[in-house]
Amino acid sequence: MTAAIEAIDLKKTYPPGVAALDGLSMSVATGTIFGLLGPNGAGKSTTVRVLSTLTRPDSGSARVAGIDVLADPIGVRRAIGVVGQKHGGAPEATGRENLISHGEFYGISGRELRGRVERSLERFGLSDAADRPVKTYSGGMQRRLDIAMGLLHRPAVLFLDEPTTGLDPEARVGMWREIERLAAEEQMTILITTHYMDEADRLAARLAIVDRGRIVVEGTAAELKSALEGDRIEIALVDGDGAGAQLALERVEDVGEVSLTAGMLYARARDGGAAIPAVLAALESHGVRVASVTMARPSLDDVYLRHAGRAFQEADSQQEEVAP
Amino acid sequence: MTAARQTWQVTLRGIRVLLRNPAYLGITLTQPIIWLLLFGALFKAITKIPGFHGGSYINFLTPGIVVMLAVSSAGWSGMGFIEDMAAGVLERELVSPVWRGALNAGTVLYSALVVSLQSVLIVLLALALGANYVGGVGGVLLLILVAALLAAAFSSLSNGVAMLARQREALIGAVSFVLLPLTFLSSALMQQSLVPAWIRAVARFNPVNWAVEAGRSAAMAHIDWGLVLSRLGLLVALVLVCAALATRAFSAYQRSL
Numbered sequence: 000m001t002a003a004i005e006a007i008d009l010k011k012t013y014p015p016g017v018a019a020l021d022g023l024s025m026s027v028a029t030g031t032i033f034g035l036l037g038p039n040g041a042g043k044s045t046t047v048r049v050l051s052t053l054t055r056p057d058s059g060s061a062r063v064a065g066i067d068v069l070a071d072p073i074g075v076r077r078a079i080g081v082v083g084q085k086h087g088g089a090p091e092a093t094g095r096e097n098l099i100s101h102g103e104f105y106g107i108s109g110r111e112l113r114g115r116v117e118r119s120l121e122r123f124g125l126s127d128a129a130d131r132p133v134k135t136y137s138g139g140m141q142r143r144l145d146i147a148m149g150l151l152h153r154p155a156v157l158f159l160d161e162p163t164t165g166l167d168p169e170a171r172v173g174m175w176r177e178i179e180r181l182a183a184e185e186q187m188t189i190l191i192t193t194h195y196m197d198e199a200d201r202l203a204a205r206l207a208i209v210d211r212g213r214i215v216v217e218g219t220a221a222e223l224k225s226a227l228e229g230d231r232i233e234i235a236l237v238d239g240d241g242a243g244a245q246l247a248l249e250r251v252e253d254v255g256e257v258s259l260t261a262g263m264l265y266a267r268a269r270d271g272g273a274a275i276p277a278v279l280a281a282l283e284s285h286g287v288r289v290a291s292v293t294m295a296r297p298s299l300d301d302v303y304l305r306h307a308g309r310a311f312q313e314a315d316s317q318q319e320e321v322a323p
Numbered sequence: 000m001t002a003a004r005q006t007w008q009v010t011l012r013g014i015r016v017l018l019r020n021p022a023y024l025g026i027t028l029t030q031p032i033i034w035l036l037l038f039g040a041l042f043k044a045i046t047k048i049p050g051f052h053g054g055s056y057i058n059f060l061t062p063g064i065v066v067m068l069a070v071s072s073a074g075w076s077g078m079g080f081i082e083d084m085a086a087g088v089l090e091r092e093l094v095s096p097v098w099r100g101a102l103n104a105g106t107v108l109y110s111a112l113v114v115s116l117q118s119v120l121i122v123l124l125a126l127a128l129g130a131n132y133v134g135g136v137g138g139v140l141l142l143i144l145v146a147a148l149l150a151a152a153f154s155s156l157s158n159g160v161a162m163l164a165r166q167r168e169a170l171i172g173a174v175s176f177v178l179l180p181l182t183f184l185s186s187a188l189m190q191q192s193l194v195p196a197w198i199r200a201v202a203r204f205n206p207v208n209w210a211v212e213a214g215r216s217a218a219m220a221h222i223d224w225g226l227v228l229s230r231l232g233l234l235v236a237l238v239l240v241c242a243a244l245a246t247r248a249f250s251a252y253q254r255s256l
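Line by line, the protein sequences give chains G and Y.
For the first sequence, numbering that gives the first Met the number 0 gives the first residue as 0, with consecutive numbering after it.
For the second sequence, numbering that gives the first Met the number 0 gives the first residue as 0, with consecutive numbering after it.
The hints are simulated quantities; they were obtained by calculation from the structure and are not laboratory data.
You may find that some hints are simply not true.
[As the list claims (entries may be wrong)] Sample of chain Y residues facing chain G (criterion: CB under 10 Å; computed from the structure): (1) 4; (2) 12; (3) 15; (4) 83; (5) 97; (6) 100; (7) 101; (8) 112; (9) 115; (10) 247; (11) 253.
Note that the coordinates shown come from a computational prediction; the quantities given were computed from them, not determined experimentally.
In this text, a Cβ means the ideal position worked out from N, Cα and C, and glycines have one as well.
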């Protein structure tokens with residue numbers, strides 16, 4: 000498959016010397032959903048700004064839908080749709096008026112434009128509210144209008160910058176369904192940035208974790224999880240020889256990273272379910288009484304904490320990117 | 000064609016904001032009336048100054064008020080862009096292929112339209128107060144045209160300042176800083192032969208004065224075509240230069256993102 004988004008060694012520094020992008024490279028296959036994860040200030044939004052021609056990198060190059068963002072920004076703008084973190088609709092105009100003027104900005108007009116606007120209002124459930132000012136819309140309705148505007152000119156590549164931030168759970172799930180539908184039915188390439196692991200896990204075919212302006216790890220959600228090497232096993236001990244139990248556990252095949260904290264044994268096993276019988280047998284033969292055993296498959300949270308956790312507390316205390 | 004359609008969409012947005020905001024509409028329509036009545040009352044004695052030969056006070060002041068209001072009205076144009084930056088509207092527009100010139104030209108056209116409307120109100124009220132439009136309807140239309148051109152230039156300047164400064168406070172400061180000096184350094188409120196020589200010298204380079212001179216000559220006197228056409232030419236050139244600068248300010252803003 001060809002790449003719909005290709006970025007090579009992007010660098011961008013904001014005064015007074017904050018490196019927002021520090022050699023970021025990425026590639027997104029056509030027709031797939033790609034998730035960018037990372038703490039605030041990691042460079043997610045700057046990446047979207049560069050790829051959507053809102054700003055230029057200090058160095059590096061990028062192609063979107065096969066068009067160079069530096070050489071032909073207008074060509075890129077025709078080929079992309081962008082749904083930013085903030086609502087882009089004019090608040091005093093109605094939903095219909097917003098879609099019409101947005102369409103004119105893309106050179107669509109006349110009957111063609113009116114037809115697209117009607118279909119778009121219908122598709123996003125905004126027909127009833129079409130002639131109300133956008134400032135009277137709920138957060139979910141405004142988000143749907145944002146996406147309707149982003150899709151009106153039928154872009155090949157869609158950028159979604161934290162699309163469900165601030166939405167209630169019901170609206171979030173609705174948004175997820177719409178995004179999945181776009182990728183499946185319209186073969187659209189979608190780059191989504193998010194804070195939410197469940198969102199990335201559900202939507203993104205591939206995802207990358209961004210930290211300090213570069214991509215630290217990339218793969219499918221399953222690949223990233225299995226790269227953590229195994230499930231986590233937690234054993235609550237009733238009483239007795241904790242240190243001895245730890246020793247016994249370390250001898251069990253395929254079990255590693257054993258640690259003991261306050262009557263709890265922690266271990267990691269490639270296949271947790273298969274390891275538990277052996278673990279219990281080893282502990283029993285050592286005379287250790289077990290109160291309970293819990294096994295957890297690695298979550299995307301674990302992946303995230305492993306790769307971005309180091310930076311994520313300090314980064315979160317800083318401001319998001321360098322807001323313009 | 001596409002550029003014109005896009006410009007009109009931006010203008011249309013301004014018109015919608017005006018029409019859907021009763022308070023804003025009310026202020027926009029009453030401001031001309033209040034200005035003419037206040038300045039008229041304040042400067043009523045101007046005709047008694049020895050050496051004044053501008054005719055009745057209302058004849059002298061009307062073009063001055065029209066032009067002063069044009070600057071004041073158009074000066075706030077950039078405020079819309081500052082709001083759009085905060086709301087995310089500008090970002091959406093800038094990632095679209097819309098011609099950047101249209102974003103500026105649309106608000107410039109809107110400012111010119113609003114100022115034309117306000118000027119008509121002043122002209123009609125002045126007529127009721129006894130103004131004598133020697134230049135006839137054609138002369139009055141020329142007065143409104145120079146006011147609209149001056150508004151267009153200041154609207155672009157305001158947009159440019161907004162894109163570069165990006166703060167309400169900066170724009171408010173710039174408008175307040177510029178409005179009164181430019182008015183006082185012109186013949187808007189005082190006959191040029193009655194002001195110090197250095198003000199007369201500075202006024203020759205003041206666009207506000209170009210507009211006042213041309214408007215007054217066209218509407219209130221037997222028109223001096225040489226004066227009117229030269230000032231019109233200067234104003235048109237100024238509109239184009241300011242529009243080009245403002246359009247470039249969009250690129251400067253984008254570079255800083």
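Here's how the hints hold up against the structure:
no.	hint	verdict
1	4	holds, 5 Å
2	12	holds, 6 Å
3	15	holds, 6 Å
4	83	holds, 8 Å
5	97	holds, 4 Å
6	100	violated, 13 Å
7	101	holds, 8 Å
8	112	violated, 17 Å
9	115	violated, 22 Å
10	247	violated, 16 Å
11	253	holds, 6 Å
Checked against the numbered hints above, the structure violates hints 6, 8, 9, 10; every other hint is satisfied.
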